[in-house]
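Residue numbers (our numbering), protein chains in the order written: chain A, 25 to 445; chain B, 88 to 327.
Don't take each hint at face value.
Claimed, not checked - Pairs of lysine-lysine residues, derived as DSS-like cross-links and limited to a Cα-Cα distance of at most 25 Å, are as follows:
(1) B/157 / A/432
(2) B/185 / A/333
(3) A/139 / A/218
(4) B/162 / A/333
(5) A/158 / A/256
FYI, nobody ran anything at the bench for these hints, they're computed from the structure.
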Amino acid sequence: MRDIFTEIWESVRRNKLRTSLTGFAVSWGIFMLIVLLGAGNGLQNAFFKGGDQFASNTMMIGGGYTSKAYDGLKEGRRISIDDKDVKLIEGDAFATNVEQVIATVSTGETASYGKKSTSLTLEGNYPERQQMEKIELVAGRYINSKDIAAKRKVVVLPQNTAEALLPAFSQAQDLLGRHIKIGQFSYLVVGITKSDRMMGNNMAAAPFSTIKTIYNKGEDLDDITFTFHGLKTEKANEEFEEQLRAAVNLRHRAAPDDKRAIWIWNRFSQNLQMNKVGAIINVALWIIGLFTLLGGIVGVSNIMLITVKERTHEFGIRKAIGAKPWDITKLILAESVTITAVFGYIGMFLGMLTCRLLDKTLGQSTVSIMDDQIAMLVNPSVGLDVAIEATIVLIVAGSIAGLFPARKAARVRPIEALRAE
Amino acid sequence: MLIELKDVNKTYNNGQPLHVLKGIDLSIDKGEFVSIMGASGSGKSTLLNILGILDNYDTGEYYIDGRLIKGLSEKQAADYRNRLIGFIFQSFNIIGFKTAVENVELPLFYQGVSRSKRHEMAMEYLDRLGLADWATHYPNEMSGGQKQRVAIARALITKPKIILADEPTGALDSKTSEEVMQLLGRLNREEGVTIIVVTHESGVANCTDKIVHIKDGLIGRIEDNRMHRASVFGADTIMK
Ligand SMILES: Nc1ncnc2c1ncn2[C@@H]1O[C@H](COP(=O)(O)OP(=O)(O)O)[C@@H](O)[C@H]1O
Ligand SMILES: [Mg+2]
Chain A
25 MRDIFTEIWE
35 SVRRNKLRTS
45 LTGFAVSWGI
55 FMLIVLLGAG
65 NGLQNAFFKG
75 GDQFASNTMM
85 IGGGYTSKAY
95 DGLKEGRRIS
105 IDDKDVKLIE
115 GDAFATNVEQ
125 VIATVSTGET
135 ASYGKKSTSL
145 TLEGNYPERQ
155 QMEKIELVAG
165 RYINSKDIAA
175 KRKVVVLPQN
185 TAEALLPAFS
195 QAQDLLGRHI
205 KIGQFSYLVV
215 GITKSDRMMG
225 NNMAAAPFST
235 IKTIYNKGED
245 LDDITFTFHG
255 LKTEKANEEF
265 EEQLRAAVNL
275 RHRAAPDDKR
285 AIWIWNRFSQ
295 NLQMNKVGAI
305 INVALWIIGL
315 FTLLGGIVGV
325 SNIMLITVKE
335 RTHEFGIRKA
345 IGAKPWDITK
355 LILAESVTIT
365 AVFGYIGMFL
375 GMLTCRLLDK
385 TLGQSTVSIM
395 DDQIAMLVNP
405 SVGLDVAIEA
415 TIVLIVAGSI
425 AGLFPARKAA
435 RVRPIEALRA
445 E
Chain B
88 MLIELKDVNK
98 TYNNGQPLHV
108 LKGIDLSIDK
118 GEFVSIMGAS
128 GSGKSTLLNI
138 LGILDNYDTG
148 EYYIDGRLIK
158 GLSEKQAADY
168 RNRLIGFIFQ
178 SFNIIGFKTA
188 VENVELPLFY
198 QGVSRSKRHE
208 MAMEYLDRLG
218 LADWATHYPN
228 EMSGGQKQRV
238 AIARALITKP
248 KIILADEPTG
258 ALDSKTSEEV
268 MQLLGRLNRE
278 EGVTIIVVTH
288 ESGVANCTDK
298 IVHIKDGLIG
308 RIEDNRMHRA
318 SVFGADTIMK
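Turn these sequences into a full structure, and let the hints steer you where they fit.
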């Protein structure tokens, strides 16, 4: 081993400029690969952030407008989801898949505290929603079952809504335990949640029973959310959605295949699709990166070819005194693998550093889209798996780059090699 | 017989076919000090390359120690060259970016001898050839005679049965040439190595015990030269 490296070192030392130029091409290739993949991950993290924000096995349905005439009724009719739909979904027809069903009712309101006021959407919720939507509390608690049972007037506010009700520079937590006015009634603030850019910033949660009673909602609901299990593939999900749609639609005298009558938002299949898009982006980035890397490999291969040509006489001497073809091949291969590996690692290191730098700069900045602050890059980095993959790519690349020159060198007959000058 | 050639033919086929060896019959015994002499272009180098398994022959038979050398794989040929044969070339053929001692070590490297062992042996051989002080010098710091002695040390280090030298004095002045030839003679006497020297200089041939004349691809006269009287210029001089 040490002998091989001594040989490589001798060869590299004799060809400093050539080696560093080739090395630069390899470093650049790997650098681009890492930065592209890192930036790609950052983009995906930023845009698909919602993906892991919810329990992924939930489905939500809500009312819409019919798009077909059916059962003697005209199209364009409004469909309202109601308590009977909850019963239907909870019922035997879907029992194999459905776990827990909860509903919300909501209404737009104005909240005020002292002199300050803000508008919000007041949602009547069940305690289970916290888990289903992975709602993160900053302080206090979420709605609980006692709130539901006693129809308490309590509210959980998002951080920025709470801040909007307080004097400038105060902490959202200061509102905990205070009473604020929402509409005609006074509510006790029991919890503060993280503001949610995806879902809107002004969703305040109150007990389902309280809102239903105060606003006299009757049987109508805003949406129904349920968790499910046993639907592993996209196809299984689609079939389930179709059945669900047909059942709910028929109950509202809408065509069973009318996609507009109710909407179904399946977070599981949405996640699947997001993952698919993510995978496609990843593949695209790998391809771009690999092509950049290919440039480096061609460079190494070329350099090794020139090296072989220059060293033909030397190889002749080695063969004359007993070097076997494999000894020569080994020499060339080891040299090209070493060059690619060393410079590849430099490129990888710099690439990772650049990802860090991106995180520190672009990663901290946001763009404004429709009043929402959206981060452009979130945690742009590559994982250990990618580092390992890149290492394998490097070694393979180095071997390929060295293979042709090495075989060429090994094939030259000793007498011809000795004749070469 | 250590070396036996029977009706060996060799034709070069690049462009115009050139029949260089036209049926060589030659036997060389263990411990002989032989020169192969002939005019330039008579096929001496071609013959020596075949003897050294650096090149193939077309027809005939070639035995070393009773082993037929024909149709060997590159790997096998390399192994034979490594263990049986030591080469000395006109142009030295030592590797420029390696020091004297590294050059001498190289054949042992291909035998898989450990680092320290082969270094020790290489130093020993350099010392015997009076080059101990030059061990860490690079070839471009040495004179022609010194380089050729490095090459001789490298040829000897594997303790080969046969040493093949193609115009070993071709690039040396007459004084150095003589020294090199005397060195080869001493090695032959003291170690009993079989040495075959190719030359076109009668003075060089005169240093050997047997002179094989080659002409137009055929073996001609074989002279017993144990008295070293073949050269008209006397026993101990090489005229350049
Ligand atoms: N590789 C080769 N291809 C074609 N012809 C060759 C080759 N090597 C040698 N020859 C020719 O073969 C003849 C013998 O060459 P060589 O054995 O080198 O002679 P010597 O060593 O006696 O001077 C010469 O005419 C030379 O030109
Ligand atoms: Mg010649």
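Hints versus structure:
1. B/157 / A/432: Distance ~24 Å between residue 157 of chain B and residue 432 of chain A Cα, so the pair holds.
2. B/185 / A/333: OK: residue 185 of chain B and residue 333 of chain A at ~19 Å, within 25 Å.
3. A/139 / A/218: Given pair residue 139 of chain A, residue 218 of chain A holds - Cα atoms ~24 Å apart, limit 25 Å.
4. B/162 / A/333: Judged against 25 Å, a Cα distance of about 21 Å means the pair holds.
5. A/158 / A/256: Holds: residue 158 of chain A and residue 256 of chain A sit about 21 Å apart, inside 25 Å.
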